[in-house]
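Undergrad: Residue numbers (my numbering), protein chains in the order written: chain A, 903 to 1058; chain B, 2 to 169; chain C, 882 to 1682.
Simulated from the structure, these hints should not be mistaken for lab results. A couple of the hints might just be wrong.
Taking lysine to any residue and the SDA-like style, the derived pairs with C-alpha atoms no more than 25 Å apart in a straight line are [said to hold, decoys possible]: (1) C/Lys901 x B/Val15; (2) B/Lys140 x C/Glu1536; (3) A/Lys983 x A/Asp1014; (4) A/Lys983 x C/Val1023; (5) C/Lys901 x B/Ala8; (6) B/Lys24 x C/Leu903.
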Amino acid sequence: MGIRFEGDFTVTAPRDEVYAFLSDPQKFAPCLPTFQSLEMKDEHTAEVTVRVGVGKIRGNATIELRLKDEQPPTHAAYDGKGKVMGGAFNMETSFDLEDADGGGTVVKWVGDLNMFGKLVALAGGLIRPVAKKDIQKLVDALQAELSGPQASGAAG
Amino acid sequence: MSTTELAAHEVPKVAIELSVNGKRYRREVEPRELLVQFLREELRLTGTHIGCDTTYCGACTVLLNGEPVKSCTVLAVQADGGEVLTVEGLEQDGQLHPLQAAFSEHHGLQCGYCTPGMLMSAYALLERNPKPSRKEIRKGIQGNVCRCTGYHNIFEAIEAAAAAMRKE
Amino acid sequence: MSWVGKSLRRKEDDRLIRGKGLFTDDEPADLHLYILRSPYAHARIRGIDTSAAEALPGVACVLTGQDVLEHCDPFMELAPGEAAEIKDYPLARDKVVYQGEPVAAVAAETAALAMDAGQLIDVDYEMLEPVLDAAEALKDEVLVHDNIGTNRTWQGVFEYGDVDQAFAEAAHVVRIGPMHFHRYSSTPLENNACIAEWTRQGTVEFLCNNSFPGFAQQLLAPGLRLPVEKVHIRAYDVGGSFGNKIWNYVYMALAALASKKAGGLRVKWSETRSEHLLASGHGNERSYYDTEVALDKDGVITAIKSRHIDDCGAYTRYEPLGCVIWSQVLPATYKLRNIRIDFSQALTNKCPVVPNRGYSRMQQLWFMERVVDICAHELGIPADEMRLRNYIRDFPYETPNGCVYDSGDYPAMLAKAKELIDWDKWVAYRDQARAEGRYVGIGIGTTLDSGTNNFGQAQIMNPQLPFSGNSEACIIRLDFDGNVVVTLGTGPSGQGHETAASQVVADELNIDPAMVQVRTGFDTAWNTYVGHSGTYASQFAVTGLSAVHGACQKLKAEMRKLAAFVLEAAEEDLEFGVGEQGPEVRVKGTDQFMNYWALANLVNNNNAVLDESLADVTLNVRHVYRPPFKVPDVERKFGNLTLTYASQLHIAVVEIDPDTCHAKILAYAAVDDCGTVINPQIAHGQVHGATAHGIGAAIMESFDYDEGGNLLTSTFSDYCPITSMNIPDVVYGNIQNPSPFSYSGAKGMGEGGGAPLHTMSAAVQDALHGAGIIITDSFVSPPALHRMLQAPNREQAVSVD
Ligand code: FES
Ligand code: FES
């Protein structure tokens, strides 16, 4: 089952700073809503553990995140894959940075999530709303890191 | 998993006490153990069956404190202090329960795998409604799947048992 | 007094209604097996790390593809050509080819612990593109099994009569666009289970619910590198099979390996429902292309040509037998003589198929019923009239491919079903409703249940296969105490074999069925059996009971000989019956008798008194029944493929709610003809059961895959098997045209031929034809009907010249 998410949000930090933050898993991964731990496998690959679940079904998911494309300071893309509760998922996510009118940076992002296995049958219909909530939390956290309190944004 | 968290199999067992078919039992169970596992594996009452893993089929239906429950969806610890009736408890003093007799008489079973759960749901139905209509019978066993009979003879059997019980 | 033909209460019931049956999972074992399955439909396995699982206290052993390579040979393949090279092992080795394929297994002290350990196994996969559509698969762009170089398992043209001539002379030619028979399964309520023990003597002892143990044994032994006699299989109560439990031998092998690795402890594997739906066998999915139908001016079908592609999923477990089995009912119930069907089968990255109730024939019968209804609607001929013009009427009837339909009366079934449902009333209701703009339709489905296979048809698929004919065995004996004890070659899964066999024996010996003990269950070490023995293909009533009947004749001959000697009477003066001392053989018109105890005692304990002429009398006889089959003509694909043809005719009235798109059944009638009925209650029960499966399959039950090869309906809550709330009231009727080919006139009838699928498609089409809709898919669920109502398909789906 494939789902695409996309959206944009604005932060007050300048582009270089935003780029540096978002292209470094060690910096942004702790902003993931249910972040547990991170281990760098090599310079470009991180293994991130998060807590996931739907309803009462809870578990840890490990995501292997690899920075596969770097075009500082405007674009970067990650490949990710992980396993969770007898299922598996792959994702691709990328972002493009633009200077915002009146200062700061607009972050335009896309994520493609592909899920396999039991999870799809058990929670297929629930994943979009759950993921949407988590993405919003992530956006909020990133904004808090990269902005002053006045910034705004939304996930779509 | 954080290191302070115990893996499920390391969680200490819990003592429970309950009555099944009128007999009292005291046992220690894993907190995650289901009532159906407790009945089948601890007590070796294997008449209660398992047919699914999403609370759909009703093969595991038993009465807990007089109410029909799907015992695959009740933890053994939740039944602590309770009274359970299973298919093995239907026969009294060598006398089949009228439902058991009617299921056989009306060919309400083929492979017999759904039968214990069906009997328990039907038992609960007739307890609250001694003269159910066809529609009420359908509703009474809507949580019980039978893959063999096409339900028709089960409806007939429950109707016949209800009639027999009213005469008693 | 005849017991056959009576609704005798079943012997099996006594234990089952008390919760005292013995199903496989009821038996305890030392260890429990958990199977780790692939989340992907298609992926390469780059590595497996089992160390964490192995380190968990209570884990006895972990198995991976490496173990099966070391200890197993691939299971025998039936296919000819490239597909014969498919390597089917109990665990995937370097690649997984369907979602749910077993990748590793853990045996541990409890089931929960085994599952915990399974979660600790780390498998490194590299995802590959799956191929999910059979027609797409035949392009061989993505290969399911790389080593065979193709996804085609079989292809053949079935051509009879003069098709081109018939088209040249046709008054009408109807062309029908692609059609599709969906994937579902009759999924029994009891999941697969087995307990395996690899003993110190080097034998493997199985307790399981396999429904074709004779076949399983022949597959398991070479798979486990053992001689056949070292593999012992027992089965007691089986909670339904419907064909699905034929191939759980794959899991039996896995449990056996685990037992071997764990030093001979008893290992139990109990499948969960989700595992069962995901990976334990689906019914065959089939697509039909380029269908053209020639008809004369009266709407009589004279020829059909089309191209069929069967989707067998990722392995050819019982396949490609399905590529031939359907031709048992090639023309369905219709008299056309000119047919050309190009039949292929493809591998896809989906769950392997199994012989599901109505196996392979139902897909052909559905196709033929669609053809008849579509032609009827397009030519403006009422569906009942269309059938009457096309039904076969004279029996025995030889079909264009040499099958012999033994007996039947399809017009009489139609008349009976119309009467039961009150046809005229519903026609008036439908017409009135239509005038009001409502979607009401009436559909007829005629079907066949061909029973007792000629295994020689396998040679049409692969001429190298060493089987043909069919047989079944029975042993009947008087034990020390004079009890009549019967063992069968089959184990039952709900069909009441113990009862039916007792009825036959009781009639032959003129005793009460309660005096006959039929051994419960099946045990390769105990039961008599032959290679064809098993509960499948609607054959017990013919092969099983003929074996019982034949064994009775042999036993009676021995008892007569013995009694004549002792009673000093002529054999012709003896009769069988029940006297004051129980069952006996007596001299007619006298008070001279020998009861069974006395007869048995003479042979077993007190035999010095016996004459030399009685040396052969053992009171323990075996009979093997062999139906009169010949090996078919493999080149022409011609021959008699089945012995009996039971028939069913259903009528449904439906109304489709334009908002919910639910096809509500307003009335439903089912008439069956299975020749002489052995036990009416059991036969009636089989019809109701098959009807529920068919209605469930038509409107609720489907295995839906997404584009990534994920099964979206892998739990009961998603698959939604039919419940008491969805089953309509079925009015039932029976007619009896005895089979001239079975001793009793009975025909096999357990599968039912999928009649409700044909009937529901027909009824829904009747309701929606006015809205420009042709039903081209067997699944008429609310979402499917919603899509059709959004985009009527008649323009593309059919054309008439
Ligand atoms: S086993 Fe409990 S509902 Fe199916
Ligand atoms: S009798 Fe087999 S499931 Fe109901």
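Undergrad: Decide if the proposed pair is consistent with the structure: A/Lys983 and A/Asp1014, CA atoms, cutoff 25 Å inclusive.
TA: holds, 11 Å
Undergrad: Measure nothing beyond the straight line between the CA atoms of C/Lys901 and B/Ala8; if it is 25 Å or shorter, mark the hint as holding.
TA: violated, 36 Å
Undergrad: For the pair supplied as a hint, B/Lys140 and C/Glu1536, is the alpha-carbon distance within the 25 Å limit?
TA: With Cα atoms ~22 Å apart, B/Lys140 and C/Glu1536 stay inside 25 Å; holds.
Undergrad: What's the verdict on A/Lys983 and C/Val1023, does the C-alpha distance respect the 25 Å limit or exceed it?
TA: Holds, at about 23 Å.
Undergrad: Taken at face value, is the distance from the CA of B/Val15 to the CA of C/Lys901 at most 25 Å?
TA: Cα-Cα ~30 Å, so violated.
Undergrad: Does B/Lys24 pair with C/Leu903 here, judged by a C-alpha cut-off of 25 Å?
TA: holds, 23 Å
Figure legend: structure checked against the earlier numbered hints; hints not met, in rising order: 1 and 5.
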